[in-house]
Amino acid sequence: MSTLDQVFNSDIDARPVRFVRIVIGIMSLLRAVEGWRIGSRVLDPATLKTPIIAGLTVPAGILIPLVGAWMLSAVFFTFGLRTRLSGAVLAACMFTMLLLDQQLYSNHLYLLSIEVLLLSLTGIGRRSKTVPAWPVVLLKLQLSIVYLFAAITKLTPLFLSGAVLYLNLKRDGLFALPPSMRTLPVLSVLSVAAVLTEIFLGFGLWSLKYRRSAVVVGIAFHITLTVMIVPVVAVQLFIFSVAVLALYPLYFYPMLPSGEVSHLRPIAGRD
Amino acid sequence: MNFRRVFFVTFLAVQILVPLVQAFGPKPTRFAWQMFSGTSVPLRVQIRTVTEVRDIDVSGMVGNWRGDLNLEKYLPPFLCKRFPEASSVLLFYIESDQPQEFPCQR
Numbered sequence: 003m004s005t006l007d008q009v010f011n012s013d014i015d016a017r018p019v020r021f022v023r024i025v026i027g028i029m030s031l032l033r034a035v036e037g038w039r040i041g042s043r044v045l046d047p048a049t050l051k052t053p054i055i056a057g058l059t060v061p062a063g064i065l066i067p068l069v070g071a072w073m074l075s076a077v078f079f080t081f082g083l084r085t086r087l088s089g090a091v092l093a094a095c096m097f098t099m100l101l102l103d104q105q106l107y108s109n110h111l112y113l114l115s116i117e118v119l120l121l122s123l124t125g126i127g128r129r130s131k132t133v134p135a136w137p138v139v140l141l142k143l144q145l146s147i148v149y150l151f152a153a154i155t156k157l158t159p160l161f162l163s164g165a166v167l168y169l170n171l172k173r174d175g176l177f178a179l180p181p182s183m184r185t186l187p188v189l190s191v192l193s194v195a196a197v198l199t200e201i202f203l204g205f206g207l208w209s210l211k212y213r214r215s216a217v218v219v220g221i222a223f224h225i226t227l228t229v230m231i232v233p234v235v236a237v238q239l240f241i242f243s244v245a246v247l248a249l250y251p252l253y254f255y256p257m258l259p260s261g262e263v264s265h266l267r268p269i270a271g272r273d
Numbered sequence: 004m005n006f007r008r009v010f011f012v013t014f015l016a017v018q019i020l021v022p023l024v025q026a027f028g029p030k031p032t033r034f035a036w037q038m039f040s041g042t043s044v045p046l047r048v049q050i051r052t053v054t055e056v057r058d059i060d061v062s063g064m065v066g067n068w069r070g071d072l073n074l075e076k077y078l079p080p081f082l083c084k085r086f087p088e089a090s091s092v093l094l095f096y097i098e099s100d101q102p103q104e105f106p107c108q109r
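Going down the list, the protein sequences come from chains A and B. Our numbering applies: residue 3 is where the first sequence begins, and numbers increase by one. Our numbering applies: residue 4 is where the second sequence begins, and numbers increase by one.
Isolated chain A, as found in the complex:
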């Protein structure tokens, strides 16, 4: 049986997927509030419009029904009610927000949308013991795609020079680097370290040998970045970090042949 056949003929323990659904549902709900805040400013007739689809500008009146549907579906999704439908509506609302204007795009919203879409395809309900493995495999692959492309696209002289970190790290307050360390040589080293970390995480989570280390490194990496970044993007990075870290438990639950129901326990790395 090919690997792909195995994926489509397997299930996975519902417990980590339920955990992901709840966390992502809560993040989506919080993001709806942020979506309202940002959307109100972007869709204000007095501000600059930067349409993603040329010529397509939308009236501010779209915001209330969009965010309303978003929040309602996020609540249903979080509580595992009609997950396929609530997840589909929630994903549609978030994807719509992404497409309304360039200013409304964000990587964490894009990731949340994808995660909600894939979770809705599992059909995970409140009483599910197992779910189909294939959407879960896609979630894990998606995470690796995110890490690896995040690393690859940082392989630029600008980023590796430390300039981007210089502009985006806090200058004062708690967790700010001391001035003696806010130099381009130091930040250049940190930039390279960030790239190597993302590459490691992209592969390490799949590895039986390195999985636990990858989890520790990943948690430390995301927490560090979130507390050290400038406040204006800290909320976005927090949501992104939670959306990423929520997927980590999925790597610890093996696929099982469909229909096999057992008292399931996480097995270290056997996938």
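Some hints could be false.
[What the hints assert, rightly or not] The list that follows gives simulated cross-link-like pairs (lysine-lysine, BS3-like), each with its CA atoms no further than 30 Å apart:
id: 1; chain 1: A; residue 1: 51; chain 2: B; residue 2: 84
id: 2; chain 1: A; residue 1: 131; chain 2: A; residue 2: 142
id: 3; chain 1: A; residue 1: 51; chain 2: B; residue 2: 30
id: 4; chain 1: B; residue 1: 76; chain 2: A; residue 2: 51
id: 5; chain 1: A; residue 1: 131; chain 2: A; residue 2: 211
id: 6; chain 1: A; residue 1: 142; chain 2: A; residue 2: 211
id: 7; chain 1: B; residue 1: 30; chain 2: A; residue 2: 172
id: 8; chain 1: B; residue 1: 30; chain 2: A; residue 2: 142
id: 9; chain 1: B; residue 1: 30; chain 2: B; residue 2: 76
id: 10; chain 1: B; residue 1: 30; chain 2: B; residue 2: 84
Simulated from the structure, these hints should not be mistaken for lab results. These numbers come from a predicted model, not from an experiment.
With chain A held as given, fit chain B onto it using these hints.
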């Protein structure tokens, strides 16, 4: 055809190909996981009038400032409309001390 298999393959193809193609273009851009990979927005904005060149604080005019905004296309016409006295808009980017100048179409 099996929906699951078609979705699985299509989803992966899109999620890999879109960022892969975007990786070879100007950065940063959307739908490509290019977080903190750079910025394509101007660091400084000025307008030129008959009598002077002056800085413009656009932070209040842009609803949500992002490094991947295509401001070169949309900001000059917006500012030309907002400031009727402007004859052109100057955008300063991180790569150069010399601005890019966009004449106002009147």
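* So which of the earlier hints does this model not fit? -> Every hint satisfied by this model.
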